[in-house]
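Undergrad: This is what each chain is made of:
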Amino acid sequence: MSALLVADHLVKHYPLRRRSLREPRRTVHAVNDVSFSVDRGRTLGIVGESGSGKSTTARLILRMVDATSGSVRFDGQDVLSAGRSEMKALRQRMQMIFQDPRGSLNPRMRVGDVVGEPLVVHRRASGVAVRSRVIELLEMVGMSAGDVDKFAHQFSGGQAQRIAIARALATDPELVICDEAVSALDVSVQAQILNLLRRLQTEFGLSYLFISHDLNVVRYMSDDTMVMYLGEVVETGPTEQVFGAPTHPYTQALLASAARGDWRSARTADLAGVAES
Amino acid sequence: MRARTVSRSHGEESVEAEERPLLEVAGLEVVFRTLAGDLTVVQEIDLVVLEAETVAVVGESGSGKSVTALAIMNLLGNGRISEGSIRFGGRELVGLKPSAYRRLRGRDIGMIFQDPLSALDPLFTIGRQLREALVWGGTPREQVRARSIELLQQVGIADPERRLRAYPHELSGGQRQRLVIAIALACNPRLIVADEPTTALDATVEAQILDLIRSLKKRSGTAMLLITHDMSVVAQMADRVVVMYAGMLVESGPTAEVLAEPHHPYTRALIAAVPSVSTDRNQPMPTIEGNVPSVRAQVSGCRFHPRCPLAMERCASEAPPVRVTPDGRTSRCWLSSDEVAAREPGLVAVAGGER
Chain D
1 MSALLVADHL VKHYPLRRRS LREPRRTVHA VNDVSFSVDR GRTLGIVGES GSGKSTTARL
61 ILRMVDATSG SVRFDGQDVL SAGRSEMKAL RQRMQMIFQD PRGSLNPRMR VGDVVGEPLV
121 VHRRASGVAV RSRVIELLEM VGMSAGDVDK FAHQFSGGQA QRIAIARALA TDPELVICDE
181 AVSALDVSVQ AQILNLLRRL QTEFGLSYLF ISHDLNVVRY MSDDTMVMYL GEVVETGPTE
241 QVFGAPTHPY TQALLASAAR GDWRSARTAD LAGVAES
Chain C
278 MRARTVSRSH GEESVEAEER PLLEVAGLEV VFRTLAGDLT VVQEIDLVVL EAETVAVVGE
338 SGSGKSVTAL AIMNLLGNGR ISEGSIRFGG RELVGLKPSA YRRLRGRDIG MIFQDPLSAL
398 DPLFTIGRQL REALVWGGTP REQVRARSIE LLQQVGIADP ERRLRAYPHE LSGGQRQRLV
458 IAIALACNPR LIVADEPTTA LDATVEAQIL DLIRSLKKRS GTAMLLITHD MSVVAQMADR
518 VVVMYAGMLV ESGPTAEVLA EPHHPYTRAL IAAVPSVSTD RNQPMPTIEG NVPSVRAQVS
578 GCRFHPRCPL AMERCASEAP PVRVTPDGRT SRCWLSSDEV AAREPGLVAV AGGER
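So the sequence lines, in the order shown, correspond to chains D and C.
Take the first sequence: its letter number 123 is residue 123 in the numbering used here, and every next letter is one higher.
Take any residue in the second sequence, note its place counting from 1, add 277, and you have its number in the numbering used here.
Chain D extracted, bound-state conformation (with noise of 0.2 Å):
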């Protein structure tokens, strides 16, 4: 299986406003040193809390944020240092789902321009061909061909995301970076999409960076898991053995919170019973 995508030691520090000019200039370390490779069809999972550095690393990617230093490298070419014509072809291939559906898809434009933008921007499909594409893709994710004249307010979480996914798919991408894309969602609605992602990594082979700050999600979705501390990578490898024999602390931490909510594994009563002493 080949690599898709590299990351290597990226490091992005911002600045910190200093008072005086005496002052020593301090960074913060937002993403430090941070390593990794998503394979062709496979979800690296990234896990970590708020201040983490998970959505940072996401952006570095997709370079929506400069990286300070580090390398990352899409299907063997550096995205880091490519042009602006070819990152402009780069970025049809790695596309990106945002946590808040509503607030990422324009309220003004109705849903089928909004699906069909990507391909006009990058010259995929034009006239009536924009149309029927727009409504293969909004059929890819469950919605229907009378949706493509309505607005993005008329529908709820779920469906609104649903049309976030069709625009992220318009332009076949081979990489989605889903940032947090379940979080905001009812729970009875989040399941649902889970079942779509995966279902459309199967029928066109895409890989995924699967980041959010919920365990259990990240653990259904993904092959790998990553998870990352304070900008950093405390522990990283295959998703059942992150799970199933954390090494670092930190992890164990996390999975401890996680396990004394879930009234189903056999360890509740146990983590429960210790909390309370």
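It should be emphasised that the hints constitute simulated quantities derived from the structure, not laboratory data.
As the structure is a computational prediction, the values presented were derived from the model and not from experiment.
The beta-carbon is built from N, C-alpha and C at its ideal position, and this holds for glycine as well.
Treat the hints loosely; a few may be bogus.
Chain C regions said to be covered by chain D (calculated; three or more residues, Cβ under 8 Å) [unchecked claim]:
1) 480-491
2) 509-520
3) 551-560
Start from chain D and add chain C according to the hints.
TA: Structure of chain C alone, referenced to chain D:
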């Protein structure tokens, strides 16, 4: 595996709880005035919180759980209570004068909201905000400082004397929520209404805050109405749980029993749809078809019937009755719990697929 319950973590508390109702909500209906006319947002809500007990109201967006809490606090804004009664310590609250309600809030009923940053005033120091709550509750001025420090210590804020001079933005999210809890506790309330108290917090911080709330509750004997969307929070905190869907109560009962063996098809499906450590990664997740109905959608019959895997013809036209079992569990369904279990064996057998 399913049979394991959480009773162990709550057993002691439920024994301690006196069987005296502190809060009794009966037949509550809330209407909001909108440009498109009046909108009934919750209806037929019955719930009881006993002294020292924690009752969780769990539901998804649009279920009416927060509106129910706001109605109890008389903080409905554009909404009004169109029917029903709310009794607190035997006293009817519906129709109470705003000034009388003000005296109740903060003193007899403390509040904890989801977002601590917006619950706190950014312009005032922590000490000033605690003082406001304490003075409001009748603490003598000369005792305010000592009591403030004591409260901060109780909620686990380190170096309380220095912290009194700090502003909310100088605290982390978890510390801010600790402060909000300290303010809620300032007047030794008899009831705390907590609306998604840990939803905005990280997992490890959430665990700390839940521990804190539990230990403070145990010490003070305060009752709590906990509003949440998260079943794992319910499992850790509540003696009893009330499940809401689309503005109505669908199931209620002791937490351990409801989680181990839910009676209502919605509760069953909801629990199955949450990924857990034991979820089979090689299978599609069990899902509930369709979407949460909008508040404006007037669903006939049972509110859940368009999404219910067990829906029958009558569910679409006739509103189901509330079934009450001898042990005090309720379920709003045409089918008895045995019938539900027989037709849909095992929680995970809820119709698969994505839609």
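Undergrad: Next step is simple, just say for each hint if it's right about the structure.
TA: Results for each hint:
1. 480-491: holds (count 6)
2. 509-520: With 4 residues in contact (Cβ-Cβ under 8 Å with chain D), the coverage given for the stretch 509-520 of chain C holds.
3. 551-560: It holds: at least three residues are needed, and the stretch 551-560 of chain C offers 7 whose Cβ sits within less than 8 Å of chain D.
Checked against the numbered hints given earlier, the structure satisfies every one of them.
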